[in-house]
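All chains, full assembly: derive it from the sequences and hints.
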Amino acid sequence: MADEHEQHASIGTYTVIYAWLVILMLVTIGAWVLNLGAFNILIALTIAIVKAILVIMYFMHVKYSGRMVWVFSGAAFLWLGIMLALTMSDYLSRKWVPRRLSDRPVAHLFKS
Amino acid sequence: MLEAHAHANPHVAHQFDDAPQQRSAATLGMWAFLATEVMFFGGLFLCYTVYRASYHDAFSQASHHLNVWLGGFNTVVLLTSSYTMALAVHYARAGDRQRLIRYLWFTILLGSVFLVIKAYEWSTEIHHGLLPGDHFNRDLYSREIELFYVGYFAMTSLHATHMIVGLGILLTLVWMARRGTFTRDYNTPVDMSGLYWHFVDVVWIFLFPLLYLIH
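Line by line, the protein sequences give chains A and B.
So the first sequence is numbered by the working numbering: it starts at 1 and just counts up by one.
So the second sequence is numbered by the working numbering: it starts at 1001 and just counts up by one.
Derived from the structure by calculation, the hints contain no laboratory data.
From the three backbone atoms N, C-alpha and C, an ideal C-beta is built for every residue, glycine too.
Incorrect hints may appear among the rest.
Stated by the list, open to error - Partial list, computed: chain A residues near chain B (C-beta under 8 Å): (1) Tyr14; (2) Val27; (3) Thr28; (4) Leu34; (5) Asn35; (6) Ala52; (7) Ser65; (8) Thr87.
Given below as structure tokens:
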């Protein structure tokens, strides 16, 4: 039964990846406890992306799969990226995202 | 004419040349579905991102009412369930029926633990008047904080719904496995269910820091 999935992860590999996932999770919480100011969101998201990549590559076998699987899985996140990048650049370029709660440029829309 | 397409392997549907091609088709189909799921959750993440950027201080305040330790514990529970699911798929491919069923049960157990903890978290949040709508405590919390909780409850309940569906799928797999449906030659449903389960885990991997770990 030769198929493109023939060579895939061993139990040992799964265990190592799992260990890393838990370690990275603890690092995320550690960073939160330390409170590094502006770096908080950057660290948290970077670690989350690394964890997601580990799950996708190893648990979801993408690393061992053919090119079409790479295309399909890559496309999913590419489209997500387009949605996030274009929408946020729209908001940010129109100054619709205030730096502080107090200087909301659209404050007049929230009169209750 | 039909005989020309008959397969020695009864699990290969007639439109496929062989089992590997069938598995490829299933995998791509599953990924196409997961791509729609990424956009589904992605829309909510986008919405949350815009409002969080707009009302960062209020969102930070709102986040403090969430229990980071329960959320963190739940994250470990889900990561572990992904691990047990990966092992279940591994044993399915090896034709090890006993271990496949065992690891499916572990995954179901961990998924259930996650949901119980989540339900407990929600009950405390609702008790504190944080459920958006008529019962939201507007005397204590601002409209922006209510907005955070709209995002929180929408995203976590959508995620929980996916988990419940996932548990249903896993239970179905257990039932199928016990009837001897899965062998070394045919275990695609387990594999595909694994992809779904891991995806739900990846969603939580992003939900946890974005919702719970704001400063």
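Against chain B, is Tyr14 of chain A within 8 Å by beta-carbon distance? holds, 5 Å
Hint check: 8 Å Cβ-Cβ cutoff, Thr28 of chain A to chain B: holds, 6 Å
Would the hint on Leu34 of chain A be counted as holding, given a Cβ-Cβ threshold of 8 Å to chain B? Status violated, d = 10 Å.
Any CB of chain B closer than 8 Å to the CB of Ala52 of chain A? Holds, because the Cβ-Cβ distance from Ala52 of chain A to chain B comes to roughly 5 Å (cut-off 8 Å).
Tell me if the interface restraint on Val27 of chain A is satisfied: Cβ within less than 8 Å of some Cβ in chain B. Status violated, d = 11 Å.
Would you settle whether the hint for Thr87 of chain A is holds or violated, based on the nearest Cβ-Cβ distance to chain B being less than 8 Å? holds, 6 Å
Could you check if Asn35 of chain A really has its C-beta closer than 8 Å to a C-beta on chain B? Since the shortest Cβ distance to chain B is 6 Å, the answer is holds.
Given Ser65 of chain A was flagged as interface, is its beta-carbon under 8 Å from a beta-carbon of chain B? Result: holds, 7 Å to nearest chain B Cβ.
When held up to the earlier numbered hints, the structure conflicts with 2 and 4 and fits the remainder.
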